[in-house]
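Student: Each chain, written out:
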Amino acid sequence: MSTALTKKVLIEMLSAAAAQRFGEERAKVLIPAIQDISASLASLAQHQIELLEEPAFFLENVPLKKKPSG
Amino acid sequence: MADPCRLSLAGMIREIRRRQLSPVTLLESILKQIDTWDHSLQAWVTIDREKIFAEARRQQDEIARGKALGPLPGIPIGVKDIYYTCGMKTTAGSKIFANFIPKHDATAVTRLKKAGAIILGKTATTEFAFADPAPTRNPWNLEHTPGGSSSGSAAAVAARMCPAALGSQTGGSILRPAAYCGVVGFKPTYGRISRHGVFPLSWTLDHVGFLTRSVEDAAILLGVLAGSDPQDPTASPQPVPDYTRFLKPGRRPPRIGIVQTFYKENSEGPVWRHLEDILTKLERSGAKIEEVPMPASFAVVQDAHRLIMRVEAAAFHETLFEQQRDLYRPKIRELIEIGLLIPSVEYLRAQKVKRQFHREMSEIMRRFDCLLTPATSSPAPKGLSSTGNPWFQVPWSFSGLPTIGLPSGLHPAGLPLGLQLVGEAYGEGKLITAARWCEKVLPLSLFPNFEGHEP
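Line order of the protein sequences matches chains U and E.
The numbers in our numbering rise by one with no breaks, and the one at position 56 of the first sequence is 56.
The numbers in our numbering rise by one with no breaks, and the one at position 302 of the second sequence is 302.
For the record, the hints were derived by calculation from the structure and aren't laboratory data.
Since the model is a prediction, treat every value here as computed from it, not as a measurement.
Virtual Cβ for every residue (Gly too), placed ideally from N, Cα, C.
Each hint should be verified, as a subset may be incorrect.
Stated by the list, open to error - Take a look, some chain E residues computed to stay more than 12 angstroms from chain U by CB distance:
id, residue
1, E15
2, D35
3, Q60
4, A64
5, A68
6, K113
7, P253
8, T319
9, E334
10, V353
11, F357
12, P381
Said to hold, decoys possible - Lysine-lysine pairs mimicking DSS-like chemistry, simulated, CA-CA at most 25 angstroms apart:
id, chain 1, residue 1, chain 2, residue 2
13, E, K331, E, K382
14, U, K28, U, K8
15, E, K331, U, K7
16, U, K28, E, K331
17, E, K51, E, K32
18, E, K382, E, K264
19, E, K281, E, K51
20, U, K7, E, K352
21, E, K264, E, K288
22, U, K8, E, K264
23, E, K32, E, K67
24, E, K89, E, K51
Construct the entire structure; sequences and hints are all you get.
Tutor: Have a look at this one:
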């Protein structure tokens, strides 16, 4: 799927959700922000991530050091 | 002795330990400074004079009785108004919490008090530490923003209204205002300082940090604040070294990696030229400087950060927002609304990128003592409707790596410019050594002069 198409689909999807959740009037106000976040979502969708990569959340994956190295 | 409010934090500690300065005299000097300048700067939202004078007198009596002093004996510290302070209003810059008085302190505040610090008062913040500005003005030029979200903390430290103040950074909220106001900003590794008792904006991106006027002051404060906390599961159990011992010069000048990707093309001309001048000075003094290519994930860091912050802010505010949405200002309201719309799978994809970027950057960091970038793309923008752009800090808030911002000179318009140094995870000591070395090579101490007077 191309970035442009992904973005278009996302804008439609998020605009519909906004209208349902906040009403048509507020959804119209949110259009620039929806376009902006859709561009970010589309860009992320194109980024390659390994299949087994896990979400980070916190830095709990940093191993404990025995001595403070500063 | 100079007017006590103008001393560095380290200088204040030395004078109090030598009995050349009393906590009450110091507090009087600081409050005089606030009384003179805060009507213009609006850095403070709450100061309880009765309470802080009582505390200063109590500490003065203890010193007179020869009681052992803590690491911050009688030192007045500002606290951003998103930290819980027991018995003192904590508004988070929001109408919703206009009269909220916590019944306990944030862990960072507890640690300051335990070290002997006097909580001077609360400094102005953007609403919920996002982008709707505080009324605070820049001490270098009142028509310019001081940056945000730690707006009051940066302005107060720059204007000598306190030697240090707590801030917080989710995007660029410590190092950006520090650069705009010409002071040192410190954002440690994610988890190095407990976030307990701090209003969250985005749990996995929020960092507790602070603003000071020197690297030495930052090292002292980090030693007081860092450490594990049973009340914050993300606070690291890594041991806390004495960070002041990292102020001594290293065995060799630092190896510094320059990040040109993104930073060069997005810096205003004078900002990048200033950085090139700085690099020449550092190299002449012996630093090994090398350009560092960024990993592929760097290209989507801003997008992933934007996504995570919106979703997590929405998750925190959802219930309050349903009840009192009209009390939210426009930018935070939009942030929450967009966050409520983003699918969970997309949020998790952004968190995967976060892990990937952290791992890739950790590999790169092994070759350097620190990375270096301009702190901001421009000096403090004119106007108070925006607090400026956080994008130069976002990659490092996203990665969780520690950063320190140093003032480095003045823009032709007379406003401060700064550097951003990035270290490896939990490598605050090494970062402090490199920053201290840069501080000695460069003329970094800046003093604002507004309305024709030195604050």
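Student: Evaluate each hint against the coordinates.
Tutor: Taking the hints in turn, this is what the structure says about them:
1. E15: For E15(E), whose nearest Cβ neighbour in chain U is about 28 angstroms away, the distance exceeds 12 angstroms, so it holds.
2. D35: 41 angstroms, holds
3. Q60: 35 angstroms, holds
4. A64: 36 angstroms, holds
5. A68: 25 angstroms, holds
6. K113: Per Cβ check, K113(E) is outside 12 angstroms of chain U; nearest 25 angstroms; holds.
7. P253: Non-interface label stands for P253(E): nearest chain U Cβ at 17 angstroms, farther than 12 angstroms.
8. T319: Given that every Cβ of chain U is farther than 12 angstroms from that of T319(E), nearest at about 15 angstroms, it holds.
9. E334: 5 angstroms, violated
10. V353: 7 angstroms, violated
11. F357: Not fine: 9 angstroms to the nearest Cβ puts F357(E) too close to chain U.
12. P381: 20 angstroms, holds
13. K331(E) to K382(E): 19 angstroms, holds
14. K28(U) to K8(U): Given that 25 angstroms is the threshold and the Cα spacing comes to 16 angstroms, the pair holds.
15. K331(E) to K7(U): The given pair, whose Cα atoms are some 23 angstroms apart, holds under the 25 angstroms limit.
16. K28(U) to K331(E): The given pair, whose Cα atoms are some 16 angstroms apart, holds under the 25 angstroms limit.
17. K51(E) to K32(E): The given pair, whose Cα atoms are some 17 angstroms apart, holds under the 25 angstroms limit.
18. K382(E) to K264(E): 22 angstroms, holds
19. K281(E) to K51(E): Violated, at about 48 angstroms.
20. K7(U) to K352(E): The given pair, whose Cα atoms are some 20 angstroms apart, holds under the 25 angstroms limit.
21. K264(E) to K288(E): Within the cut-off at roughly 20 angstroms; holds.
22. K8(U) to K264(E): 31 angstroms, violated
23. K32(E) to K67(E): Between K32(E) and K67(E) the Cα gap is close to 28 angstroms, so the pair fails against 25 angstroms, i.e. violated.
24. K89(E) to K51(E): 13 angstroms, holds
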